[in-house]
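*Asks:* Residue strings, one per chain:
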Amino acid sequence: MGELNKKSAKILVFSTEKISDPAIDMAGLMKLHYPPTVYTISIPCSSGIKSSWILHAFEKGFDGVFIAADGSDCVYGETCTEKTGALVGKTHELMKSNNIDPARLRMAAICSVCSDPFVKQVRSFNEYLLKTLHP
Amino acid sequence: MKKKKIGVYICHCGGNISDYVDVEKVRQAVEGEDIVFLAKTTMFACSDANQREMVNDIEANGLTSVVVASCSPKLHLLTFRNVSQRANLNKYTYVHANIREQASWAHSDNKIGATEKAIHLVKAAIAKANYAEALESNKVKAQKSVAIIGAGVAGMKAAISLSNKDCEVILIEKEPFVGGRVAQWNSLSTTTETGKEIVKRLYDDLITRDNITICTNSEVISNKGSVGNFTLKIKTTPRYIRQSFHPEDLTRAIEVCPVSVPDEFNFRLTQRKAIYKNYPGEYPQTPVIDIKNCTRCGACEKVCPAVDFNEKEEITEITVGSVLMATGFDPYTPGYGEFGYATSENVITLPQFKRLIDEQSGTLVYKGKVIKNIAYIYCVGSRQTKGDNTYCSRNCCTSTIHAAVTAKSKFPDINNFHFNRGLRTYGKQEILYADSLRSGDIYLQSYEDGLPTVTIEGNKTIVKINDILTNGKEIEVEADLVVLVTGMVPRADNKVGTLFKLPKGRDKFYNEIHMKLRPVETVIDGVTIAGACQGPKNIAESVNSALSAATKSYSIISKGELESEPLVAIIDQDKCTWCGACEKACPFDAILKVEDKGKIVAEINNSVCKGCGMCAPVCEPDAINVTACSSTEIMSMIDTLV
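For the record, the sequence lines run as chains A and B. Residue numbers for the first sequence follow our numbering, beginning at 25 and rising by one. Residue numbers for the second sequence follow our numbering, beginning at 93 and rising by one.
So here's chain B without its partners, still in its complex pose:
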């Protein structure tokens, strides 16, 4: 074997690595290795300047392989493989060492230990690089189709974006209607369009496109395969109403339905029937029968021939190249007694308040009482010091001020009192704050250790605060209505996330690979995330991420084939005695029994071999190795790690 000339680059990652790992000590520990030609530290290995320097080093010194010790290979393996390629090195000669997630961060409590570990990890990577060979990628056929899970604004917008490309789109929505949370809103800030109008505009566009299939009342129940070829099973629950119906019959059917259940669409402020539409212009236009609450009394069938209880649940199977997750969020539900929630009838949440002002005109009335003083208590369920939700929900300051301004313009007699912990109306949303101040809203502020209190005194609801804007003076407001400004939390129903094994961050929302560099990709190859399933976002931010995720999902499958790792099993036919154990172990029928020089031996069909290595441990004469993962490579890494 020709002696290797390896270049080693050890990254500070700003301070993410070098705050805990002594990178210079790592460099010194490896620079004397026999096959290491040069060893450098760098502030950001991924920077353009360093990449150019690497290319120059490879070309000027005739390096045969490069090792970068930096962050997880999930983030930059491809970056540095491409650097090697640009310097005319085979990209599979590149070896990555993860000294951030697996050293500096994992052992930030032990700098000596983290440095020792980093040295071992880099030495192991050098040992692997010593055996790294030039390889050619395998090509795998990829379906040019994307499944989008969730037909809220993010999912719908992503579907339209993908539809503009040469791509089939399957838009899967668990609810009977599209639109998600945005369909629940009327007026929105920074636009004159209502939420419902936005949903209508998107839906009208979607249905004109031949390459989009919309599946409502449908959920993904199983997932097999991987990037390029995900096979999904979709369960569609019937609407129990045939598509062709007479609108008047349906109106009568809804009227005669005797069932009355709390309407989740209106945040349980109102009741709905078992046969329903959330609002008249909702899409798809066919109503649905909520079979869980339907008593099967038959009243609707008598007045509407389109009702059909014989419709059956359907299971369909689709294969797609990529999956775009846009499953949205749930509003936070305050705990029992939290700022008087559920213990005082004058306390409601922000989503309920928004529905309330949407539905009323003239005088604002709640539970028969005319509302004059409204107290908004901010950061309920967000920025918690006692509780899991330590994050800021981003949009609730703006949403509250928008609701307050809307309420004031609609009901001029009201007074708005904002009990906040510092306002975050960033960017153009600051205009709303100025509007609110001009209309006379009062802002009272506290820190997290001096939250406002809500007390019930007779039929009065008193909100008190030690206002830091007036030097801690105790101020109280007798509120007719207390609005708890609740933030966003991850969906309680996370079955679909579990199905795809999508990782969640500390905030329990789905986690991207890197918030700046790979903001819509997940560690599950081929699965992207968009909208508020990733974390609190407003509509504009959700749409931005949806467009980004759509482009990323398309870029994965756009060529109709994927480059896969050139991992295949290799048989040492001198050692092979054909016992058939490898053939039995292979899940892909990639092992053939052939005659070679008068001897029966195993042969690998490289076009179907996936390089899993299942055949290798069962081979008694140890005649099988997997490329880039051979016994020689693994054992040489073990030798350096111990």
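One chain only, chain A, in its complex shape:
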């Protein structure tokens, strides 16, 4: 990691191709800066994320995982919000049983124009993770 990155937590973002990817791209276009140790993996829908992926990320050394959820904008239907919520709940339980602070997994609905909210979310998540994991 570069000298400037010492103060950044490693955050894995699960983002969706049609909804939150455009918002994250637009954050870059608008030069809304956020920590460079925030990495995005694109998936079709946030309700298709497996708990095992999230646990794998923690096991490999990520400080936090952020789900940029489709929310009510999901192109696959209205049940996405409920299902994403359920998988986050299930993963929180698994994290607890593995002695991982559940607050290291966050979720927020990020719509296709939510560039500002995305940047605010990952910045505040970064601060939380630095405070709790790298004080």
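Check each hint, because a few of them may be wrong.
[Claimed, not checked] Covered stretches of chain B, going by a simulated chain A footprint (3 or more residues, C-beta under 8 Å):
1) 209-218
2) 450-461
3) 480-488
4) 543-550
5) 666-677
6) 695-704
7) 727-734
Rather than coming from a laboratory, the hints here were simulated on the basis of the structure. Just so you know, even glycine gets a beta-carbon here, dropped at the ideal spot from N, CA and C.
We have chain A already, so just place chain B on it with the hints.
*Replies:* Frame of chain A, contents of chain B only:
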């Protein structure tokens, strides 16, 4: 698994990437990867020359997969998939890494961090490419119809263009009449046709076409589905006047209406009734009752049997393949006291001035006063140094000079004084500037830190400027009328944009994917943009973009089917124990319960599966994966990103 041979191309994007990301360092970091056969940097990965080089590399070296690290996949994923295809590789073996929007631009404040991130992103793409398989696209039926939202000149022109093709068009206009802003103008520059005549010509053409449905007084209130199949609900507000009416009865109905409200069509310079048409030749020809301001006194009903207050609001549902947004702009409204606006009765906006000179003849009079000296103050609400509108509104210099020249020819006694910040009468519009100079107009100029001031002294309105064209000399004009040259701002009512989640740029107008390469497409697949909803444009520019958007919208749906990503869920039937959880989770009824080798298992109906993956996390034995998004691929990407 046969060992992959991957080609990696890292793009400078001119300097958009390489100004912040050390692309050579990225190349060096990945070239030693076991499965990377070659790694190159390129100035523009999307250039024809580089595309040809990629095809040669794939064919000459027998590459099995390609990774390009460049801009957002929204821009060039298809470009490079097509390159793979041209080199006889399955296009789904191509993997894209976004190191511009998600590295160089997002971290332009931290070049080391941006480079480190780019390296990780490219390595993750290589990891994904290692598992990328040859896939076949799914076909989805697409409606051969386009909904155009907004029946101004851009929307009408797009409708005619689409109608010439094999395509149904639904033209939806929120206002009771078509024509948008152009219907408000009489004379226009570079043409002898008036705005109203242009609208009439387009409308006369529209109504002769069987495949165009015009819905006025209508707005889209809900949107479901996606490209190929958008289901829209349209709310139509009644006109409260039946279509067959006697014109004389209606004239009497308008006369007897006791209501008087400011007329927005004339920029509140005049009053109108609750039953109205904006101008006699307006389309559709049936007037409308403004029910919000109508007192229901019944006077109109008594003289006109066509008035019908029993007409009800209608909700209709349509399904279209593509949506073309042409919702236009609002003129900027100056703030209270901005250059004397609303605090001096001698200060008006450019749209008001244009209506004023359209409506008058002989002597120019405003509020009972004969007008001789007119001061035009440019860039009001545009190119702001304090405020959100930092952009130039493009057409207002030309529009002002055109109005000034028109006013001078109509009212020869007036004097025009232009307080500007540098004129932008580009292209043929320069002719107007020359006309204005020849007719004696005076141009005074300042920078943004020395704007002109408007002061009221008794009943005089004084405009002062330190004119940079005369070495900063203070010059003042006693103006009978001050015209604030207001620019274009995005529509205040953006409900329909919110409905489609259309992204907006820094100027708050709708944003295209790429201003040069994909200028009318949005990140919402199947939704195109045209006209001034995208940013300030004059009529010719709006029409150009409308024709482009119409062609793009049609190209999406022209085959009647769309190629969709070959994403489907795959069941590992050895692992599956049929608990039914996946069946419950699937919103598309794509999961079947079948018997296989004496065991009850789940099976995917590929023709209805959309590849959302909702079934995968609920599967306790982890028997479900989605193509191109399997646990193996995701976890291998995580391994490289950390």
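*Asks:* List in ascending order the numbers of the hints, as given earlier, that are violated by the structure.
*Replies:* Hints 2, 3, 4, 5 not satisfied by this model.
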